[in-house]
Amino acid sequence: MHCTKSWFCLQVEASKAALEACGLEPNAIDSVYVGNVHGMITPCALYMSRHTAIRLGCRKEIPCLTVSKLCGSGFQAIVNSIQDLMVGDSNIILTGGSDNMSDSPFALKGFRFGMRLGSEPKTYDMLWASLSDSYVNMPMGLTAEKLGEKFNLTRQEVDEYALLSQQRWKKAYDNGEFFDEIAQVEVKTRKGVVNFAKDEHPKPDTTMEGLAKLPTIFKKNGLVTPGNASGICDGAGALILANEHAVDKYDLKPLAKIVGYGLGGCEPETMGYAPVPAVRGLLDKTGYTLDDVDQLEINEAFGAQVPMATLLSCFTSFCTCHFLKFQVLACQKELDFPMEKFNSCGGAIAVGHPIAATGARISAHVVHKLRRNNEKIGIASACIAGGQVIDDYGQIENVESAVSQNTKRYKEYPCFSCVCFYLYILTFIGLD
Numbered sequence: 002m003h004c005t006k007s008w009f010c011l012q013v014e015a016s017k018a019a020l021e022a023c024g025l026e027p028n029a030i031d032s033v034y035v036g037n038v039h040g041m042i043t044p045c046a047l048y049m050s051r052h053t054a055i056r057l058g059c060r061k062e063i064p065c066l067t068v069s070k071l072c073g074s075g076f077q078a079i080v081n082s083i084q085d086l087m088v089g090d091s092n093i094i095l096t097g098g099s100d101n102m103s104d105s106p107f108a109l110k111g112f113r114f115g116m117r118l119g120s121e122p123k124t125y126d127m128l129w130a131s132l133s134d135s136y137v138n139m140p141m142g143l144t145a146e147k148l149g150e151k152f153n154l155t156r157q158e159v160d161e162y163a164l165l166s167q168q169r170w171k172k173a174y175d176n177g178e179f180f181d182e183i184a185q186v187e188v189k190t191r192k193g194v195v196n197f198a199k200d201e202h203p204k205p206d207t208t209m210e211g212l213a214k215l216p217t218i219f220k221k222n223g224l225v226t227p228g229n230a231s232g233i234c235d236g237a238g239a240l241i242l243a244n245e246h247a248v249d250k251y252d253l254k255p256l257a258k259i260v261g262y263g264l265g266g267c268e269p270e271t272m273g274y275a276p277v278p279a280v281r282g283l284l285d286k287t288g289y290t291l292d293d294v295d296q297l298e299i300n301e302a303f304g305a306q307v308p309m310a311t312l313l314s315c316f317t318s319f320c321t322c323h324f325l326k327f328q329v330l331a332c333q334k335e336l337d338f339p340m341e342k343f344n345s346c347g348g349a350i351a352v353g354h355p356i357a358a359t360g361a362r363i364s365a366h367v368v369h370k371l372r373r374n375n376e377k378i379g380i381a382s383a384c385i386a387g388g389q390v391i392d393d394y395g396q397i398e399n400v401e402s403a404v405s406q407n408t409k410r411y412k413e414y415p416c417f418s419c420v421c422f423y424l425y426i427l428t429f430i431g432l433d
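Take the sequence shown: its letter number 180 is residue 181 in our numbering, and every next letter is one higher.
Treat the hints with care, since some could be wrong.
[Claimed, not checked] As a list, the in silico SDA-like pairs of lysine to any residue whose alpha-carbon atoms are at most 20 Å apart:
#, residue 1, residue 2
1, K17, D181
2, K342, A173
3, K17, A29
4, K377, E341
5, K172, E182
6, K199, V188
7, K220, S133
8, K377, G288
9, K342, E201
10, K171, V137
11, K151, I218
12, K221, P140
13, K254, K377
[Claimed, not checked] FRET-style restraints, in silico, Cβ to Cβ:
#, residue 1, residue 2, range
14, D90, S120, 46 to 56 Å
15, N153, P216, 20 to 30 Å
16, H246, V195, 35 to 45 Å
17, T208, N153, 21 to 31 Å
18, P216, E62, 48 to 58 Å
19, T217, V195, 30 to 40 Å
20, P64, L118, 45 to 55 Å
21, E62, Q168, 42 to 52 Å
Simulated from the structure, these hints should not be mistaken for lab results.
We treat Cβ as the ideally placed atom computed from N, Cα and C, and that holds for glycine.
All chains, full assembly: derive it from the sequences and hints.
Listed below in structure tokens is the structure:
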């Protein structure tokens with residue numbers, strides 16, 4: 002379905018849900034950070050963070066920033082918020098990310114000063130451009146193929162992981178595990194207004210036989226297919242972050258405590274591998290080990306990427322985001338992290354990957370999952386086109402009242418004593 006809501010409208014809907022969930026009035030917000038990729042070339046999205054704040058009723062005096070870091074945009078918005086809290090510029094911050102990929106435009110280049118009679122203007126698909134690295138002249142799907150070669154992954158392995166992602170999503174959905182994470186959104190269609198309360202990208206009836214019939218897209222006899230990569234979709238996510246002062250002032254009940262975050266990079270040709278060194282660096286910085294981690298989430302841009310993640314520790318229609326699956330497998334293998342704790346409710350292969358919203362979605366999901374399972378530490382991570390990576394939440398310590406307890410972890414890492422309160426994501430709308 003083509004989502005008629007703009008990037009900005011999606012973000013407003015998610016932000017309203019986050020504020021309502023924690024009982025905060027918009028005038029309590031000190032800053033707004035919003036991630037966005039595909040909307041940076043459209044009028045409404047250029048002003049996304051500022052217009053979101055104004056539409057919500059936040060004070061006109063507060064600063065706002067729209068962040069673009071490709072697949073890490075939503076994560077980077079959270080990191081920027083953490084840094085704001087660390088230096089005391091803000092006490093409560095609204096953050097998140099939004100993308101309406103189905104509305105990403107085509108650009109007409111060289112037309113501003115006129116065209117000669119008979120000449121053909123050059124057009125650019127801005128969606129495809131955002132999913133291709135011009136420096137190495139490679140679409141993201143080919144980076145997944147290279148990663149698969151490096152780790153000797155087979156098509157069957159990647160398809161098996163894709164099937165697992167779909168099956169895990171179905172089990173989690175049937176058990177109501179996404180209920181606290183999703184805010185309903187009204188979407189206008191030709192048949193009238195539809196109230197979306199369930200992601201439409203997942204394909205729970207997926208089979209190995211069906212996956213095996215799909216053609217590879219980027220390389221003959223390769224790995225990446227429309228069935229084992231993330232899909233093109235639309236969505237938004239919002240989170241409320243606060244420091245100890247704000248928790249006491251507004252009598253807030255934190256969901257989790259942020260312990261740290263990590264940033265890193267690798268060769269652009271194998272960008273899907275980047276979560277491996279980033280997670281390892283984050284663990285070194287915070288003093289944890291993979292044995293301490295209860296849940297690890299790595300964005301499933303391509304199935305081949307996932308296997309690497311284990312060692313470290315949304316649609317069947319074609320889109321460049323389908324590469325995630327391969328990358329995830331490679332990361333899982335490299336991190337040697339238990340598969341039962343890795344993307345345990347499915348990932349972007351099932352639900353899709355609305356680029357800038359993904360950081361907020363994964364972060365929110367990790368927090369809610371830790372609380373449901375009565376677990377403590379979680380890491381959320383994503384590779385980024387161009388060979389970058391971000392572990393935006395890094396490790397999350399799940400506590401009922403982290404601030405009032407004045408735990409040892411706060412004393413060791415006082416600059417990371419910001420608290421994540423309420424996190425909501427909009428249901429993702431897929432393209433058939």
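We went through each hint and held it up to the structure:
1. K17 with D181: Within the cut-off at roughly 14 Å; holds.
2. K342 with A173: Roughly 14 Å separates the two Cα atoms, so the pair holds.
3. K17 with A29: With a Cα-Cα distance of about 13 Å, the restraint between K17 and A29 holds, given a limit of 20 Å.
4. K377 with E341: holds (16 Å)
5. K172 with E182: holds (16 Å)
6. K199 with V188: This hinted pair holds, its Cα atoms lying about 12 Å apart.
7. K220 with S133: holds (15 Å)
8. K377 with G288: OK: K377 and G288 at ~15 Å, within 20 Å.
9. K342 with E201: Given pair K342, E201 is violated - Cα atoms ~25 Å apart, limit 20 Å.
10. K171 with V137: Roughly 37 Å between the alpha carbons, so the hint for K171 and V137 is violated.
11. K151 with I218: Status holds; Cα separation ~19 Å.
12. K221 with P140: holds (15 Å)
13. K254 with K377: Given pair K254, K377 holds - Cα atoms ~16 Å apart, limit 20 Å.
14. D90 with S120: 46 to 56 Å: holds (51 Å)
15. N153 with P216: 20 to 30 Å: holds (22 Å)
16. H246 with V195: 35 to 45 Å: holds (42 Å)
17. T208 with N153: 21 to 31 Å: 25 Å Cβ-Cβ, so the 21 to 31 Å window holds.
18. P216 with E62: 48 to 58 Å: holds (55 Å)
19. T217 with V195: 30 to 40 Å: holds (34 Å)
20. P64 with L118: 45 to 55 Å: Holds, since P64 and L118 (Cβ atoms, about 49 Å apart) stay within the stated range.
21. E62 with Q168: 42 to 52 Å: holds (49 Å)
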